[in-house]
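K.L.:
This is what each chain is made of:
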Amino acid sequence: MDITSPAFKSNVKRALADPQLQRAMGNVKRGFIKKRQAAFDKLPEFDALRDQARDIKNHTLAHLDLYYEIYEQKVRDAGGEVHWASTAEDARDIILQICQAHGARTVTKGKSMIAEEIALNDHLEQAGITPVETDLGEYIIQLRNEPPSHIIGPAIHLNRDQVEESFRAVHTDLPDDRPLGEVSELVDEARAILRQKYIDADVGITGANYLVAETGTSIIVTNEGNGDLTQTLPKVHIVCASLEKMVPTLEDVSTILRVLARSATGQEFSTYTTLSTGARRTEDVDGPEEYHVVVLDNGRSDMLGTEFQDMLRCIRCGACMNHCPVYHAVGGHAYGWVYPGPMGSVLTPTLIGIDQAGHLPNASSFCGRCEAVCPMRIPLPKMMRHWREREFERHLTPRTVRTSLALWAYFARRPALYHLTSSMFIRALKLFAFGRARLKSVPLAGGWTRHRDLPMPTGQTFQEMWRAGGDE
Amino acid sequence: MSKVQIDTKANRDRLFDKMRTTLGGAVDAATRDQAVRKRLERHGRNLVPERSNLDAAGQLELFRVQAEAVSATVVDVDSHADVPEAITDYLRQHNLPARIKHGADKVLTALPWDKTPALARDHGPAHGDDAVSLSHAFAAVAETGTLILASGPDNPTSLNFLPENHIVVLDASTLGGSYEDAWDSLRKTYGEGTLPRAVNMISGPSRTADVEQTIQLGAHGPRRLHVIVVKG
Chain A
1 MDITSPAFKS NVKRALADPQ LQRAMGNVKR GFIKKRQAAF DKLPEFDALR
51 DQARDIKNHT LAHLDLYYEI YEQKVRDAGG EVHWASTAED ARDIILQICQ
101 AHGARTVTKG KSMIAEEIAL NDHLEQAGIT PVETDLGEYI IQLRNEPPSH
151 IIGPAIHLNR DQVEESFRAV HTDLPDDRPL GEVSELVDEA RAILRQKYID
201 ADVGITGANY LVAETGTSII VTNEGNGDLT QTLPKVHIVC ASLEKMVPTL
251 EDVSTILRVL ARSATGQEFS TYTTLSTGAR RTEDVDGPEE YHVVVLDNGR
301 SDMLGTEFQD MLRCIRCGAC MNHCPVYHAV GGHAYGWVYP GPMGSVLTPT
351 LIGIDQAGHL PNASSFCGRC EAVCPMRIPL PKMMRHWRER EFERHLTPRT
401 VRTSLALWAY FARRPALYHL TSSMFIRALK LFAFGRARLK SVPLAGGWTR
451 HRDLPMPTGQ TFQEMWRAGG DE
Chain B
1 MSKVQIDTKA NRDRLFDKMR TTLGGAVDAA TRDQAVRKRL ERHGRNLVPE
51 RSNLDAAGQL ELFRVQAEAV SATVVDVDSH ADVPEAITDY LRQHNLPARI
101 KHGADKVLTA LPWDKTPALA RDHGPAHGDD AVSLSHAFAA VAETGTLILA
151 SGPDNPTSLN FLPENHIVVL DASTLGGSYE DAWDSLRKTY GEGTLPRAVN
201 MISGPSRTAD VEQTIQLGAH GPRRLHVIVV KG
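Chains as they are written, first to last, in my numbering: chain A, 1 to 472; chain B, 1 to 232.
To be clear, the hints were calculated from the coordinates, so they are not data collected in a lab.
All C-beta atoms, glycine included, are put in the ideal place defined by N, C-alpha and C.
One or more hints might be untrue.
[Claimed, not checked] In silico DSBU-like links for lysine-lysine, alpha-carbon gap of 35 angstroms or less:
hint, chain 1, residue 1, chain 2, residue 2
1, A, LYS42, B, LYS188
2, A, LYS29, A, LYS430
3, B, LYS231, A, LYS235
4, A, LYS430, A, LYS13
5, B, LYS231, A, LYS42
6, B, LYS106, B, LYS9
[Unchecked claim] Simulated coverage check for chain A against chain B, where a stretch passes if three residues somewhere in it have a Cβ under 8 angstroms from a Cβ of chain B:
hint, region
7, 281 to 288
8, 338 to 349
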């Protein structure tokens with residue numbers, strides 16, 4: 001997909017002025033936060049499980065090479081293949097080669113953020129293969145030719161009338177006067193259309209929530225059952241995984257599963273958690289004859305041993321964006337690439353470069369809610385600060401910002417001068433207020449006062465008030 | 001059909017070199033290796049929530065409450081002999097055709113089907129036109145009302161997803177409190193470090209909330225999930 005992260009500021013302006021988007025984002029604010037809190041309240045061990053989940057991933061990342069050696073051997077023992085992709089291009093080519101070797105004409109796809117990251121659909125289409133998204137949200141945005149706006153709810157930016165409109169525009173062989181205003185009618189129509197596609201597909205492609213070293217297993221976690229139909233019915237199953245998906249044992253994955261659904265949708269457990277190990281066995285009567293796992297690096301191994309390693313603990317639950325006031329205000333598309341919200345603001349600069357994604361780590365009020373709800377306890381605000389530092393070091397910050405910062409630093413390093421100037425400024429502002437309680441506009445600060453009033457200045461600086469009250 | 005061979009060894013070697021250099025720096029190789037082997041061999045339990053720490057009757061009750069909370073239906077029968085009639089009861093209640101499909105599972109094939117002569121049975125994996133499937137659960141987990149199904153000719157995986165109605169026979173003796181209990185059972189049956197091709201953990205019927213976060217059952221998988229618990 002096209003990267004529009006450099007245009008973040010104009011993306012934001014458009015998003016704030018989009019009434020359909022703003023209506024849809026209201027559902028996000030109301031829904032996810034309440035549901036997660038309810039799940040949290042029902043499990044007294046939730047926070048202790050988060051600590052353990054963090055420790056499991058830290059241990060795994062510290063021994064990643066060793067776990068992958070064992071995992072790879074286990075997959076082979078079970079009749080599967082592991083393919084190594086250094087870049088998005090490698091991954092696309094490997095998947096295309098597998099599809100072409102089987103003369104594939106259509107492939108069904110379960111939801112995979114890695115497939116989005118490597119822009120797989122475009123690549124397959126260019127080679128004459130039709131990819132069919134089967135997750136309802138992904139199916140909707142594929143019809144609309146849009147990228148996902150949320151990592152677990154790709155169509156979260158849409159309202160039902162927009163979905164109805166898209167279905168009517170594309171499903172033209174169905175009667176025009178059919179009722180389609182209810183969510184159930186939309187779901188049933190998609191179900192009926194996709195049913196035959198599962199059966200006809202030559203290859204099924206899914207993502208992976210986890211890879212398990214102990215057994216050579218890949219795991220998907222879903223609610224709809226589309227991922228399972230996608231990977232069970234065709235002759236070939238391809239798993240798109242990224243480097244950080246590794247977990248040592250089934251016990252370790254249990255701990256992480258306990259925090260995943262609760263953090264994501266507020267469910268205690270998702271409807272379907274499926275463990276896949278290798279290809280169809282001799283005695284089996286269904287299941288794919290070939291099982292391929294594509295492990296994508298795409299810059300992740302560069303994060304090992306750096307201040308960004310903690311980001312590799314991420315399990316893609318979406319809790320950080322569900323709780324982010326910036327995400328609530330602008331939605332996922334404004335971020336301009338595959339991963340939105342706080343996790344995207346940290347990950348995207350690694351994957352596409354800070355020169356392209358420099359605005360994203362700045363799109364935060366540092367309120368800290370993302371870190372507070374992260375099931376893997378990833379210090380997201382701290383890592384956004386690391387990116388801001390790098391951006392500054394590389395002189396990517398705009399000149400106005402750098403000049404203002406330099407000006408502020410000049411005063412900050414000279415306390416006497418700082419006190420003098422600030423007290424003069426405060427008094428001037430009070431004079432300007434003419435006794436009003438709030439200021440509706442201040443010269444040169446229109447960007448600030450357009451959305452809120454400035455409270456009346458007191459005429460004294462904080463330090464002056466502190467000194468005055470110090471004797472009490 | 002010959003398997004697709006793609007050479008990604010160069011990528012693999014580069015990645016492993018980088019990981020070894022970055023991660024292996026501070027600790028000697030033998031210590032790292034041992035830490036990994038030990039963890040895999042011991043596969044020790046982490047914190048298991050207290051919720052399912054109950055006696056057998058308590059776990060069965062918890063399973064029922066949790067499964068019903070995610071829109072599954074649960075009935076008890078005293079013995080395997082009662083299962084065929086429990087199936088026909090269910091089909092009648094929901095106006096479903098008296099025809100089911102199941103695999104070669106010994107428990108299922110040995111049920112006294114002569115008690116329900118009007119019930120037609122097909123065998124094998126699911127096709128698009130099967131309305132009702134029947135499976136025998138490998139185990140179940142009380143903690144979240146989750147069924148564990150193992151793939152194979154006995155209970156083909158496609159039966160879990162393609163038909164609109166899925167009926168599962170669960171032996172109460174195979175119900176455990178936690179996921180960890182299920183892993184232990186799998187290891188006992190399939191061996192250490194080995195799993196059947198697919199292990200399906202199923203909690204309720206298929207659902208989606210992709211349109212306006214409104215939960216809708218029967219997205220792509222079964223619209224209904226019915227569990228028949230055999231107590232005997």
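K.L.:
Which of the listed hints are broken here?
P.N.:
Violated: hints 2, 3, 6 and 8.
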